[in-house]
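2 protein chains.
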Amino acid sequence: MKMKNLPLLADLYEFTMAYSYFEHRMQAPATFSLFIREYPPNRGYFVSAGLEDVLDFLESYHFEPQEIEYLDQTGLFSEDFFQFLLKLRFSGEVFAIPEGRIFSKDEPVLEITAPIIEAQLVESYVINTMNLQVSIATKASRCVCAAKGRSLVDFSLRRTQGTDAGLKAARASYLAGFSGTSNVLAGKLYGIPISGTMAHSFITSFEEEIDAFRAFARTFPENTVLLIDTYDTVAGAQKAAEVGRELMDRGKKLRGVRLDSGDMAALSKEVRKVLREGGLEGVSIFASGGIHEFKIARVIEEGAEIDAFGVGTKVGVSADAPYTDMAYKLVQCDGRPVLKLSTGKKTLVGEKQVFRTRRDHRLFRDTIALRDEKLEGEPLLIPVMEKGRRTGPAESLAAVRERFREEFAELDDSCKALQSPRIFPVELAPGLRGLQEKTVHQVREKELGES
Amino acid sequence: MKMKNLPLLADLYEFTMAYSYFEHRMQAPATFSLFIREYPPNRGYFVSAGLEDVLDFLESYHFEPQEIEYLDQTGLFSEDFFQFLLKLRFSGEVFAIPEGRIFSKDEPVLEITAPIIEAQLVESYVINTMNLQVSIATKASRCVCAAKGRSLVDFSLRRTQGTDAGLKAARASYLAGFSGTSNVLAGKLYGIPISGTMAHSFITSFEEEIDAFRAFARTFPENTVLLIDTYDTVAGAQKAAEVGRELMDRGKKLRGVRLDSGDMAALSKEVRKVLREGGLEGVSIFASGGIHEFKIARVIEEGAEIDAFGVGTKVGVSADAPYTDMAYKLVQCDGRPVLKLSTGKKTLVGEKQVFRTRRDHRLFRDTIALRDEKLEGEPLLIPVMEKGRRTGPAESLAAVRERFREEFAELDDSCKALQSPRIFPVELAPGLRGLQEKTVHQVREKELGES
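These protein sequence lines are chains A and B, in that order.
Okay, so the first sequence: first residue is -15 according to our numbering, each after it adds one.
Okay, so the second sequence: first residue is -15 according to our numbering, each after it adds one.
Source of the hints: derived by calculation from the structure; they are not laboratory data.
One or more of the hints may lead you astray.
As the list makes no split between identical chains, a pair holds if one copy fits it or if it spans any two.
Derived DSBU-like pairs (lysine-lysine); straight-line CA-CA distance at most 30 Å [to be verified]:
no.	residue 1	residue 2
1	Lys430	Lys257
2	Lys329	Lys257
3	Lys237	Lys89
4	Lys330	Lys279
5	Lys279	Lys329
Note that the structure is predicted; figures quoted are calculated from it, not measured.
Only chain A is shown next, with the shape it has when bound in the complex:
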């Protein structure tokens, strides 16, 4: 499922532009910046995610004859161009903010510098994979905050927007602190712990609920988690307690029960009471069904006896913010800073760097600068690809997850508020501000006749 060698996963305009550049022999280096223009509602930071897929894609970028054959059918391009494409590899450099770091709107999370045709052809894939993974990682991080240490498991596969999203949602939510996923293929591909026990269909396939519980406990005596809301949650808990005692008699232990509907705070307290009265201590109560950060916060506030949440659709599609306003814009061409003036669509010119400062071990402020400006603070963008090859081995997901955990702990709680968070502060460095103003002035003069 790595998106290797899919150069046609692009918008046609990338090929028509590339062909026109080819015809006009435009091979100058171009720098494109990937950034997000605005925060979606209730967001004041983003979590970087998706870079590994971008690097895989760039490293393996090439055309197969059957792909050229399809382009030929469009009648838009010449044989010369196809010969050029067949030899094309990505030869450029990539600066990026590593996965698992906090970043802000307007900040380049990634900058690609390459001959303009190469940098242009990869546009759609780069946005596609980064936009999704940043959205999900950011959404998942909000759930992690809300859960205050309780365990979260990704249950979203069934209703993510397609199969690729199912895998990426599992990866991005694990990166942001989830403890596992129900998605088996994601477990295999990314080494994420997987979990899962039974659906309502398992219960209803048996004549009686308790028959289903007993059957499952026989099959998985070490890993019995029973879904108790098929008919009535409290009645289900009583039957689960009965099976739990039967397990105890065999020297085993009921691991948990799962609620999937109804008033979770109230039901979880009743269920805990039933379990305790049945002599069962230390049984985990899992909750699933329509879970998102606000619901987690609410049921915890209401004193829910819930140890872990199965988090599905609303995080897997980032339902309240199903996309970001991420753009991939040409910022420098053949050494010349460039930008567009389109209404409401500001682009910061030039090759850039972001410097992060801390105060008292907390994240304090970022400054977006030109890449050659020297400022205090930690530079966030690092060279991850040179001449089309990674500068080092692929990072492990475990390392990325740990990096996020550490940096997220340094982010002020005010920025993590679920509603109306403080926006993490960012400013522009003098060099960038100066070049930006100068470029805007020049463009207005040249294109609009202003002086």
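Starting from the structure of chain A, add chain B where the hints point.
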């Protein structure tokens, strides 16, 4: 990109249930219904889409040794079970509402009957692909209504939720009446017409805007569409008109201009004026940028001079309804009707059929019935797979698109209203209602001790 042979694209609980069924030698035929519980906001019908992918998946379902190896690492399953999985193929039957038809909440859009392990293991993939494609096809159909005959092109790839969604969004929106896509791979895979010309980067990569226009016109004299909002839309239109006149001098014709920002109704009128005054008639004006059904309706209402819309993110992720409440529920097991009672999650028991009646060549009402009930009207579910094989060749996307066009024309405008539409009426047949009540009664008696 066909999702063949990905049996691990499943939730772990499907495997734990399957293993418990295997251990208990439960091989009875089970029927699962796929349906949507509620309408998202502003929806009163759904468009069926995704069935071809489901059938591809089922026909090619099998396990490879490396997949078994991963399952083995979990330590949950026995060697006997792995031997069983290695021989497993999908052997069941599928009844479904064909792609491109209108359907309603509560109606089974698909029913699978197979030995319970087979029917259970495919759950997540079936929901995943149908939920996405139904969401997008339904959203796209709303844009088609709003556009009143104007052409719509899918531009969503860059911000769909992953690569699979990018392809499916192109397919589902074409199915619902879009005229093409910018997505090259979708064009290749599905035979959808592709279109695209230039981005702002093309403009800014040249010293001056008009240089970029001239370069593009030289490369594509038969297909020149110029993006005119990079610096100032009206100034851009004047330069486009100049290049249009240069094309005329060479016996060619400017095909169109594209606006991508600002007040589209007002700007399109100004642009039309500039083109007319420049002696250019018949130049298409394309609009893109944040397009959705409400924006299309509004700019048309405001008298926009727009001939076609490029429709991106907000439709590609179905931003106002990024998921449906689609469920895949066991409704019959070994001949016994089954259901769950969980709060707010009704399931209709048994193998079902939907009968559609018309009045005066308009869709009038659907009735959900047991499959063996005989009612007036057209049965919507047809047998599309028997013994694990398609009952006929795969349908062409063109045929599905035409089916949708015809049936959508029969749907009353009140159901197509963009806001607060009338819900397409559906009722339950007497046989289904009777069995449903009887089953609820039996389950309540058995599980809750009620009589």
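Of the hints given before, which are not true for this structure? 3
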